[in-house]
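> Sequence:
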Amino acid sequence: MKNLIITSMFILSSILGMAQENESYTLTVIIDNISNDNGKVLLSLHTADTFMKGSGIQHKESEIVAGKIKLTFQNVPLGTYAIMALHDENDNQRMDYETNGMPKESYGMSGNEMSYGPPNFEDAKFKVLDQNLDFNIRF
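Position 96 of the sequence shown, counted from 1, bears residue number 305 in my numbering, the numbering being contiguous throughout.
Derived by calculation from the structure, the hints in this document are not laboratory data. In this text the structure is predicted, and so the values were computed from the model without any measurement. Glycine is no exception: its CB is placed at the ideal position from the N, C-alpha and C atoms. Incorrect hints may appear among the rest.
Claimed, not checked - Under the rule of at most 30 Å between Cα atoms (straight-line distance), these lysine-lysine pairs were calculated in the DSSO-like manner: (1) Lys313 <-> Lys269; (2) Lys249 <-> Lys277; (3) Lys313 <-> Lys249; (4) Lys269 <-> Lys336; (5) Lys336 <-> Lys277; (6) Lys269 <-> Lys279; (7) Lys313 <-> Lys334; (8) Lys269 <-> Lys249; (9) Lys313 <-> Lys262; (10) Lys277 <-> Lys262; (11) Lys249 <-> Lys262.
As the list claims (entries may be wrong) - The calculated label-pair distances, taken between Cβ atoms and stated as ranges, are: (12) Met311 <-> Gln283: 26 to 36 Å; (13) Glu307 <-> Gln340: 38 to 48 Å; (14) Asp241 <-> Glu322: 14 to 24 Å.
Please model the complete structure; the sequences and the hints are all you need to start from.
Put into structure tokens, the structure is as follows:
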């Protein structure tokens, strides 16, 4: 009887463990219109709370080859997110601006909405519900 209970508990914990594994997903980002191969592309995955506040929940960077990059965010739990991307041409890990406040370096975000003024979460948001997602972000 004791063996039956232990075996049942092991099977139940295995099933629950597999169910939890399926609660995170992979986001693949491709950018294929980068103007040159200087510097790197910086990407960050944000929630509404972290968007435009400096630090996202995951950060990635990539060398540029022939004007293209492909990066993957892994283990992304269910939720609502936005991706921001920056072509950091001078490799200083931040966006550079002209004296009039306009960005010197190319940037983009999920949703590919490019309006005047700073990006906003509502234009860039997407939901991770039940599958891996692919994005093609334009600069």
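> Decide, hint by hint, whether the structure agrees.
Now the hints, each set against the structure:
1. Lys313 <-> Lys269: Roughly 21 Å separates the two Cα atoms, so the pair holds.
2. Lys249 <-> Lys277: Roughly 10 Å between the alpha carbons, so the hint for Lys249 and Lys277 holds.
3. Lys313 <-> Lys249: holds, 14 Å
4. Lys269 <-> Lys336: holds, 20 Å
5. Lys336 <-> Lys277: holds, 25 Å
6. Lys269 <-> Lys279: holds, 10 Å
7. Lys313 <-> Lys334: holds, 24 Å
8. Lys269 <-> Lys249: holds, 10 Å
9. Lys313 <-> Lys262: At roughly 20 Å apart (the allowed maximum being 30 Å), Lys262 and Lys313 satisfy the hint.
10. Lys277 <-> Lys262: holds, 27 Å
11. Lys249 <-> Lys262: holds, 21 Å
12. Met311 <-> Gln283: 26 to 36 Å: holds, 34 Å
13. Glu307 <-> Gln340: 38 to 48 Å: holds, 40 Å
14. Asp241 <-> Glu322: 14 to 24 Å: With a Cβ separation near 18 Å, Asp241 and Glu322 satisfy 14 to 24 Å, so the hint holds.
The structure shown violates none of the earlier numbered hints.
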